[in-house]
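> The opening position of the sequence shown corresponds to residue 57 in this note's numbering, with each subsequent residue numbered one higher.
FYI, nobody ran anything at the bench for these hints, they're computed from the structure. The model shown is predicted, which means the values in this text are computed figures rather than measured ones. Just so you know, not all the hints are guaranteed correct.
What the hints assert, rightly or not - Heads up, simulated BS3-like pairs for lysine-lysine below, C-alpha to C-alpha not over 30 Å straight-line:
| id | residue 1 | residue 2 |
| --- | --- | --- |
| 1 | K86 | K98 |
| 2 | K73 | K86 |
| 3 | K106 | K117 |
Unchecked claim - Derived CB-CB ranges, DEER-like:
| id | residue 1 | residue 2 | range |
| --- | --- | --- | --- |
| 4 | R121 | A93 | 32 to 38 Å |
| 5 | M100 | G76 | 45 to 51 Å |
| 6 | L72 | Q97 | 22 to 28 Å |
Where is the CB? At the ideal position from N, CA and C, for every residue including glycine.
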Amino acid sequence: MATNLSIDPELIEQALKVSGEKTKAATVTKALQEFIARRRQKAMLDLAGKLEWDGEYDYKKERTRR
57 MATNLSIDPE LIEQALKVSG EKTKAATVTK ALQEFIARRR QKAMLDLAGK LEWDGEYDYK
117 KERTRR
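From just these sequences and the hints, can you work out the full model?
The following block contains the structure:
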């Protein structure tokens, strides 16, 4: 999908250098992928301390080999 964006040229140049990508499109794609991954990680961290833990749950007991 072709998209026209107005992005600060200095930011693109810096991103190209640190990403190791060869094209602007690949650099932007990688940046978006990393952005999404970090936000998903943050969402998981935000759950810390909010979930109830069953101390008696035995995950090994649930394993079965067939």
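> Provide an ascending list of the numbers of those earlier hints which the structure does not satisfy.
Going through the list in order, the structure violates hint 5 alone and respects the others.
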